[in-house]
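Peer 1: In case you want the letters, here they are:
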Amino acid sequence: MPKSIDSKSNNVIVTTIVKFAYLVKASVRYQKLKGFFYDLLENDQYRYKRWFDIFMIFIILSSVLILVIDVKKTLPDWLEDYDIYFVTSIFITEYLLRMWVYSDVHKMVIRLSEESQYLHQHLSLYRLLGVIIRDKWQYVISPAALVDLIAILPSYRQIRVLRILVLFRAFKMLRYARSLSSFLFILKSKKFELVTLLTLTAFFVFIAGIMLYVFEGDGDNKNITNLFDAFYWALVTISTVGYGDISPVTPEGRVVSMLIIITGVGLIAFMTSIIVSSFSERLVELREDRVMQEVGKKRHVIVICGFGVMGKKVAQGLLDEGSELIIVERDEEIAQQAHNSGYRSICADATKSAVFERIGIAERISQVLCLTSEDEQNAFIAINVKSLNPDVKVTARCSDKEIAEKLHYAGIDDVVIPEEITAMMGVVHAGEPVAFEALRSIVAHKGETHIDEVRVKTGGALENRHVEDLKSKAFRLIILGIVRPDEKGRKMFLFNPDDGTSLHSGDDLVFMGHPTAIAHFKQKVQP
Amino acid sequence: MRRTEGVHKEVILFGYGKFGRHMYAQLSQSGYRVTLAVMQESNYQNAVEDGIEEIRRFNPKRNSSIKMLDIDPQKHLLYCAMDHTSSNLFLVLSLHELFHDAVIVAVSNSDENTRKLKYAGADTVIDIYEASAQHLVTNLTKPAVSEALNTIVFEKNDLKIAEIVLEPNTMLEKKYVSQIDFYSRGLILVAIIDKELGDELIYIGKGVDHKFDGGDTLILAGRSNDILAFRKELSGA
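Residue numbers (our numbering), protein chains in the order written: chain P, 77 to 603; chain L, 37 to 273.
Bound-form chain L, shown alone (with noise of 0.2 Å):
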């Protein structure tokens, strides 16, 4: 798994047909800065349309043209959201090509689709119709895993999912997940990246008792107040 050191707050959203519109929306309201990037006229015209100011024109198929959009690895996230699976995968390869460490996300429309972006270089594909069914079958099945979902992950409220990545020799360094009360805290400890035992997640819920260290990563839900003074208590502000 791709982790991405600090949090990157522009983005640069490639397309602007059904998928890419509803992804500008979305990240603008979320407080993205989102510089737009389009291949076609009509896509030009339409996001002018709909008032958006940072639009760049590009053509996938010429290095000197993804260039010319000043992208910045350690700064920009890279959406790939074009309409046709063909323009969006050559994208992702060219982007793969010219910035290696930047960190690509690219939506798909079915698992071929999702097996060749990620092959192509993606570090992340929404599978449009995976995703959109997993939500909708956990709705019918599941409604109070939905509710509970939709208030953590995507209403706007205080309530989220944030990703901590410990510094050395923080008051959590050797110690052990049980010895941590996170409940009291206002925070539940879902998972954890251990630095030492590579990208894979450990999920809590498995019941392993895991050791604290520097440059693990730690998965919490909790109220962005409860949050920010775990934080400060980990910075030992």
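Looking at chain P on its own, in the form it has when it is part of the complex (with noise of 0.2 Å):
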């Protein structure tokens, strides 16, 4: 009778569980909520995970520093319950959080549940516990939570030797400042042959360690009473530190040094290479991870696929107009090149979808550019970033009005034939030479005259506003016209509009004038 009841009691409690599970899974707020956490722990990519990670640097220097205080003198309240109560709980609740977004719990339950009634099979209690404990499980014997969970215990002051675990405080910043953890990541990639290393100077420590113990531990050395002796004396020696506590007093003890210190200094060669052999492999791996994180702060990344004479030009142009880019060229030294004149590159080839996936194409990208020199690999890279997202906006370059319409038909938003503008340009000179002069001087900001734009927002400095206001001394501008969308939102150009035309929202108006009288004017109706 009494094991009925209980597993009555123990369907209802997974009936309640899964129940809560299928709710769970339907709150959007929840999923916001755990989304959040998620992004501030564990993605790097998330804008504001650095201010979390310097807030989480703060708190561990001022938990050592505060342990380090302790040792000698005595300290105040404030400071040892801040110590004890804020930090603590800090870490518990960041312990607890990770282990939060380690995995989805409700998802386990939702699927036992179908699985079991799949199989009409009867879902116990303890078997869905055992599941949620073991995923958990996992979690907590991993090697950053067990450091976590370290941290955690120097608060229990009463017990002097928990103190000692202050050290996994400091280890916890290997979560927070990824040079540390990239040095890590790096030596984890050389792990077989550090191991072997290691295994070889232990090996060499315990040959000399026994040798010099057979030679001098009867009391000719009176420094060595013991094979700890030796052993502490051998790794010493083969680290080539030398302390100089312990040495060689016998002929036949010296000469097991001299061949030590020979092995020990072809050791630490060995250890160099292998780190610096190690860092200059990963280094292009490491500085494109610096650089995907530094982009994935950013919104409106435009991309630019090629940096020859081209790409170079309008990454150039771009970035002196403030915009965010990134470059993606297939050419291991011209990415270089990119990276050395002071661009964000990535050597990778555009034609695939994955540069585009792990820049962000969903999220992040607004632009890209295919300026290489080759007209089927712009062609290539278009098509790749539309299939991907036909949200992005694409220019091609190509050398050619039939592919250029090819590009437009496979739905590449914008084409730009070089020898066709230069061409454009060409006539325009022929005809007045001067003004071809003035233009070009103008457009490119090479002159003391610029052009610029300043678009009409709702309820702005400008909507409203006429012509004639802006064509005051105040502002010293010339203004060229309005950019005005139509009824079929083409951009028509206002070329010269009457004094008396007013401007709508949505209006772009174009200018001309000296940098200073642009700023001045922008900071005014754009504050």
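These are computed hints drawn from the structure, not numbers from a lab.
For clarity, every value in this text was computed on a predicted model and none was experimentally measured.
Don't take every hint at face value.
What the hints assert, rightly or not - Partial pick of chain L residues on the chain P-facing surface, computed with a CB cut under 10 Å: (1) 55; (2) 60; (3) 134; (4) 138; (5) 145; (6) 272.
By construction, the Cβ of each residue, glycine as well, lies at the ideal position given by its N, Cα and C atoms.
Starting from two chains that each stand alone, build the complex the way the hints lay out.
Peer 2: So this is what it looks like as structure tokens:
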């Protein structure tokens, strides 16, 4: 009878848990909250994570400092309270949050429930809890989580030995300081070589230690009283540190010493070469990771594919205008050149989707410029991008009108034919050479007059203003015209509008003037 | 800055490769009489296939061959648009040596070659990538400016940018920029070249109230009719 009651109550609990899991699945607020904490704790590309990391580094450093001061001085109460209550609460909260975002329990519950229904099996409470606990246990025993857990312990000041665990708080820094974690990541990639080296070192220490003990441990050397002293001497010598507190006194011992010194130098050189080579192998990868982290915080990123002559000039022009851009170049050497010139660059094949997915085609790329010197390559890249996200604006370079038509047919938004633009400029020059130079200088911002534009915003300072007001001497601007969308949304340029023309929301005012006058005007109308 | 008095309507275009082909199409569409001079047989055949009638063969290394093109520096604009930089450079050098007064326009593909072409004697060098990059950047960062420039400068409509050289004793003589209402005439004064101060452009946006004299060149933007009317007003007709 009691067994039946137990089973009944277990069923009720399981049903309640399953219902709750579905409730959680349907809750947008829950998903948003969890997503927020996941981004804050784990997503390097989340814009606020950096501030969270800085905050945690501060907490860790302050905690370590307090524990160090506490060794010789009596701490004021408020500082002790800060360390015991505030810091520990933060660490415990962080630990629990990380455990929460590690996996989705509600998904596991739903999966198990649906599996049981499908197989007409009974879902027991123990099985359900077992699966959940096993999953979370995976988190608990992960190295990073163990460090987090141990880092909470030094708060129990009554147990003095636990204070040594303060070091684990310093280890927590690995989570937040990217350069430290990058270093560990590199070492991890050379695990085999480093383990081999360590084994070899241990072997030499073992042999040399025993030899010295055999030669001098019988009383010849008063500093060597046991095997530990001999091993200690061997390790200090092989590492080329050589404190000098223990040194061989017999000719045999000195021979061992000579051999171990030569071996030590070799081992140190070996280790240095392993670390240096692993760094140089992963340097590009590390640089690109850093680029991705930087770009991750941006929106409206322009991707330039190809860093040839035109790519360079466009990149420079866009950078001057303050655009956020990233260069994707297939040639490693050229990608490195782009990096050396101060651009964010990635060495990758832009005809493959991986690079755009890595940058974030769905959320942060606004424009892609295909500027390699090969038409086919540009078409390939452009179609690749459009197939991944049709909303991203793509501009492709090509050499011919026929190719341009094909690209337009494929949905490419804009096409640039450098030869045609040059020819158009040649025509302008043929008719009005001086005007050509004047315009070229104005557009390229080479002279003292620049051309610029400003958007009329709803409720902004320019809405419903008359052109006459803008021609006043206070602004010292030449009003060229207004670009205004017509009923169908097509942009029309109204040249030299009448003084009585009023500006509407969505209009773009185009004007020329001295850079100072332009800056002053923009500040007035777009503070 | 080299100024050309009067408007050339005839162009001698050197080269019919990837640069020359586009240049020929744009110039001929804009109403210029273009004589094509080609060096390579393949380009000659391409031009013939494209239906071009005025084609001449030449060798840039032979002065006699260039002289046979009947170049008149007062009448012809010389456009050097050969695909190979070395050929283009040598051509500019030859043309400059033979026709000191000719206006030579050359196409370049890098900053470095622009410098060399200018040194060899080209009056104006259009850097193909510089121009395209500028066009693209303006299009991306200042779309309205790009729209305005395309409408005024490149599109086929009655809006244009024009330069007017002031004759002595026009109605503008000794008057200041601030005294003349260009806006009401449908015109926008962009820049001036003051003959007394040299060939440098003085931009109106700078805010200097310039005094007009005979010989000054005005750079104006406006509709063809308004520019014509202003020309007439200046000539007193």
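Peer 1: Classify the hint on residue 272 of chain L as holds or violated, based on whether any CB of chain P lies nearer than 10 Å to its CB.
Peer 2: Because about 24 Å separates residue 272 of chain L from the closest Cβ in chain P, which is outside the 10 Å limit, the hint is violated.
Peer 1: Under 10 Å, Cβ to Cβ, is where residue 138 of chain L needs to be relative to chain P, so tell me if that hint holds or is violated.
Peer 2: At about 13 Å, which exceeds the 10 Å cut-off, the nearest Cβ of chain P leaves the hint on residue 138 of chain L violated.
Peer 1: So, residue 60 of chain L near chain P? Judge it on the closest CB pair being under 10 Å.
Peer 2: 8 Å, holds
Peer 1: Grab the minimum C-beta distance from residue 134 of chain L to chain P and call the hint holds if it beats 10 Å, violated otherwise.
Peer 2: With Cβ-Cβ at 21 Å, over 10 Å, it is violated.
Peer 1: When the nearest CB of chain P is found for residue 145 of chain L, is that gap smaller than 10 Å?
Peer 2: 7 Å, holds
Peer 1: With a cut-off of 10 Å on the beta carbons, see whether residue 55 of chain L makes it to chain P.
Peer 2: 6 Å, holds
Of the numbered hints stated above, those contradicted by the structure are hints 3, 4 and 6, listed in ascending order.
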